[in-house]
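Engineer: Residue-level listing of the chains:
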Amino acid sequence: MNHKTPFVIKRIVAVSLLLLLLLLITMFIGISMGSTGSGLKAVLQSLSGEKGADSMLDTIVWQIRFPRVLLAALVGATLSLGGLVFQALLRNPLAEPYILGISGGSAIGAIIGILAGLSRFPGVSFTAFLGSIATLVLLLIMSSGQSILKKNTLLLSGVMVNAFCSAIIMFLVSMTQNAKLHNIIFWLMGDLSMSDIGQVGILAATLLPCFIILFLYSHSMNLLLMGNEMAQTMGVNIRRVTTILLVTTSFMVSSTVCHCGLLGFVGLVMPHLLRLILGPDHRVLVPACILSGGAYMVICDLLARLLPQQGEMPAGVITAMIGAPLFMYLLKRSKR
Amino acid sequence: MRYKYLVIVLPVLIFLSFSAGAQAVVKKTTDQLGRSIVVPDNPQRIVSLAPSITEIIYDLGQEHRLAGVTRFSDFPAEAAKLPKVGSFVRLDLERIVALKPDLCIAVKDGNPRAVVERLESLQVPVYVVNPKDLDSMMEAVIEIGALLNAGKKAKSLVQNMRLRIQRVEFLVAKASNRPRVFYQIGISPIVSAGPDTFIHELISLAGGKNLSQGPARYPRFSREQVLILSPEVFIITSMAKGEVFESVKKEWSRWPAIPAVRNQRIFLVDSNLFDRPTPRLLDGLELLARLIHPELFKEEQ
Numbered sequence: 001m002n003h004k005t006p007f008v009i010k011r012i013v014a015v016s017l018l019l020l021l022l023l024l025i026t027m028f029i030g031i032s033m034g035s036t037g038s039g040l041k042a043v044l045q046s047l048s049g050e051k052g053a054d055s056m057l058d059t060i061v062w063q064i065r066f067p068r069v070l071l072a073a074l075v076g077a078t079l080s081l082g083g084l085v086f087q088a089l090l091r092n093p094l095a096e097p098y099i100l101g102i103s104g105g106s107a108i109g110a111i112i113g114i115l116a117g118l119s120r121f122p123g124v125s126f127t128a129f130l131g132s133i134a135t136l137v138l139l140l141i142m143s144s145g146q147s148i149l150k151k152n153t154l155l156l157s158g159v160m161v162n163a164f165c166s167a168i169i170m171f172l173v174s175m176t177q178n179a180k181l182h183n184i185i186f187w188l189m190g191d192l193s194m195s196d197i198g199q200v201g202i203l204a205a206t207l208l209p210c211f212i213i214l215f216l217y218s219h220s221m222n223l224l225l226m227g228n229e230m231a232q233t234m235g236v237n238i239r240r241v242t243t244i245l246l247v248t249t250s251f252m253v254s255s256t257v258c259h260c261g262l263l264g265f266v267g268l269v270m271p272h273l274l275r276l277i278l279g280p281d282h283r284v285l286v287p288a289c290i291l292s293g294g295a296y297m298v299i300c301d302l303l304a305r306l307l308p309q310q311g312e313m314p315a316g317v318i319t320a321m322i323g324a325p326l327f328m329y330l331l332k333r334s335k336r
Numbered sequence: 337m338r339y340k341y342l343v344i345v346l347p348v349l350i351f352l353s354f355s356a357g358a359q360a361v362v363k364k365t366t367d368q369l370g371r372s373i374v375v376p377d378n379p380q381r382i383v384s385l386a387p388s389i390t391e392i393i394y395d396l397g398q399e400h401r402l403a404g405v406t407r408f409s410d411f412p413a414e415a416a417k418l419p420k421v422g423s424f425v426r427l428d429l430e431r432i433v434a435l436k437p438d439l440c441i442a443v444k445d446g447n448p449r450a451v452v453e454r455l456e457s458l459q460v461p462v463y464v465v466n467p468k469d470l471d472s473m474m475e476a477v478i479e480i481g482a483l484l485n486a487g488k489k490a491k492s493l494v495q496n497m498r499l500r501i502q503r504v505e506f507l508v509a510k511a512s513n514r515p516r517v518f519y520q521i522g523i524s525p526i527v528s529a530g531p532d533t534f535i536h537e538l539i540s541l542a543g544g545k546n547l548s549q550g551p552a553r554y555p556r557f558s559r560e561q562v563l564i565l566s567p568e569v570f571i572i573t574s575m576a577k578g579e580v581f582e583s584v585k586k587e588w589s590r591w592p593a594i595p596a597v598r599n600q601r602i603f604l605v606d607s608n609l610f611d612r613p614t615p616r617l618l619d620g621l622e623l624l625a626r627l628i629h630p631e632l633f634k635e636e637q
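Order-wise, the sequence lines are chains A and B.
When the letters of the first sequence are read in order and numbered with this note's numbering, they come out as residues 1 to 336.
When the letters of the second sequence are read in order and numbered with this note's numbering, they come out as residues 337 to 637.
Hints listed in this document are in silico derivations from the structure and should not be mistaken for laboratory results.
Backbone N, C-alpha and C define an ideal beta-carbon position, used for all residues, glycine too.
Wrong hints could be hidden among the right ones.
As the list claims (entries may be wrong) - DEER-style ranges, computed between Cβ atoms:
1. A/Leu331 <-> B/Gly370: 48 to 58 Å
2. A/Phe171 <-> B/Val580: 23 to 33 Å
3. A/Pro122 <-> B/Pro376: 30 to 40 Å
4. B/Arg371 <-> A/Ile213: 40 to 50 Å
5. A/Ile212 <-> B/Val580: 51 to 61 Å
Stated by the list, open to error - 27 Å max Cα-Cα, derived BS3-like pairs, lysine-lysine:
6. A/Lys41 <-> B/Lys444
7. B/Lys444 <-> B/Lys468
8. A/Lys41 <-> B/Lys468
9. B/Lys510 <-> B/Lys420
10. B/Lys364 <-> B/Lys510
11. B/Lys364 <-> B/Lys545
Generate the whole structure from the sequences, applying the supplied hints.
Structural biologist: This is the structure in structure tokens:
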């Protein structure tokens, strides 16, 4: 057993470095393209420390695109990791924060917070977190009593929780005369456009500890996947570990929702792809998911920025267009 | 001795000339929200963040200062040829910054506050106007005129508008009644404009009684609510153009109990004359007065 650990570490480091490179490349592409064309030269100039002649391009690249790309990377990392954790804990390959209604619950909380006039941080973040916990509890109550292994019960519960959440959201939107909700429809579709570096910094500061917690528990996730009894004999306190993982994940997801709304199906794509390539070891999968999920979201956001001739589309449209067909495929395959 | 004087006087003179020069380049002002901002004295690259602002700048004859406009800036027609920076509720920050504006002019209602704040953090001065009614619209014209060194033109525009309002008021004062007006903005659901809107103010000034009395600014109605209100004049805006208008008109025609239907007083109007806070609101006012009180205008002709 002892001589195997260094191999795992080596593998983690190798995979992480490779995916970090991928993330950096996509981020570089992300900041060098935008609605006003390519700023490749400005990015290279700034990176090499040269003082660019065009300060306007500099501003666009570093103060408008850079925070946005950073936000996309953080959000993609969070949602992919969220998908990975839910899939492991619920032992269901189709679990994902959006599909389970966790994102919807956060959105309700966030809207209530906005209507109450709270500031984005910590006020709205807190109400969003409460919303996500409420839907999580609802979901667990609905699927408890039966074996949690039953895939369809859980998914169906999620679908219903989601439908209920969107009804409440529409209710709140229709009831209010509040001008603050002007942009809500866009926000609900997943919107990364209004990111400034301060907010991204706060988000990063709240998310990074969660990433670390989840990585520390990645071995427990491996054991949990072998079955509850097996995990218990290996010394895992199932109740405690499950609670910590679920609450941490919900917290992460709710913080991203109040920054950029609902981005669906992000938690499906990368975890599945990575499991296919790297195998089921969560000690490798957790860091891999963080890095590649970030890269995936940066690309989705880039497409959302570049595809429309005028203006831009919400990034959620892109993630759903990629993720939903994958979901259908996985559903079809899992039935066999 | 002389040289000693020079040593003291010269730097002072140089300093004064520099500070005078600096004062000539920028000026401090207060926008309609009461925020004090520093704007260029003679702005050359203005990005207008709403169609109404674009119209006012054209009315003032200052269009040579415009560097960019929003997507639906379609009046006058040549405004549509200017570079676009997104729609006024969905502004494209990157495009705005890329135009290197020395001043942006925004409206409080519609432009997202977050964009204004981000522009300011990027050192782009943003002047916000807040037209809520005819008076504050005219105020906005004066203020934009002052910003663009076109104060004289702005004053004469406003004077002309005041005369036109007085003329309508004078005519409407002779009317014997105030017809009940239902102003339909949205087709499905049926949406009208309540108090605190330009439409409400214009209907009242034009001698009508706006049937939608709030409390919301843009309240929704069911069909039976509209029937009970029994409007005498029905006005539908051109957000529903052509065929849609015909089908909506046909829809209402099924209820001859509505006086407006019986007397064939269902009209289509151009929404841009009623919801954009620009001098064209006066065209809207005169049009409404003609539709609501045709008898007064017959006498006049």
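Engineer: Look at each hint and say if it fits the structure.
Structural biologist: For each hint, the structure was consulted:
1. A/Leu331 <-> B/Gly370: 48 to 58 Å: Holds - the Cβ-Cβ distance for A/Leu331 and B/Gly370, about 57 Å, lies within 48 to 58 Å.
2. A/Phe171 <-> B/Val580: 23 to 33 Å: Since the Cβ atoms of A/Phe171 and B/Val580 sit about 28 Å apart, the hinted range of 23 to 33 Å holds.
3. A/Pro122 <-> B/Pro376: 30 to 40 Å: holds (39 Å)
4. B/Arg371 <-> A/Ile213: 40 to 50 Å: holds (43 Å)
5. A/Ile212 <-> B/Val580: 51 to 61 Å: At 57 Å between Cβs, range holds.
6. A/Lys41 <-> B/Lys444: violated (37 Å)
7. B/Lys444 <-> B/Lys468: Distance ~10 Å between B/Lys444 and B/Lys468 Cα, so the pair holds.
8. A/Lys41 <-> B/Lys468: violated (46 Å)
9. B/Lys510 <-> B/Lys420: violated (46 Å)
10. B/Lys364 <-> B/Lys510: Distance of about 47 Å is beyond 27 Å: violated.
11. B/Lys364 <-> B/Lys545: violated (43 Å)
Violation of the numbered hints given earlier is confined to hints 6, 8, 9, 10 and 11; the remaining hints are satisfied by the structure.
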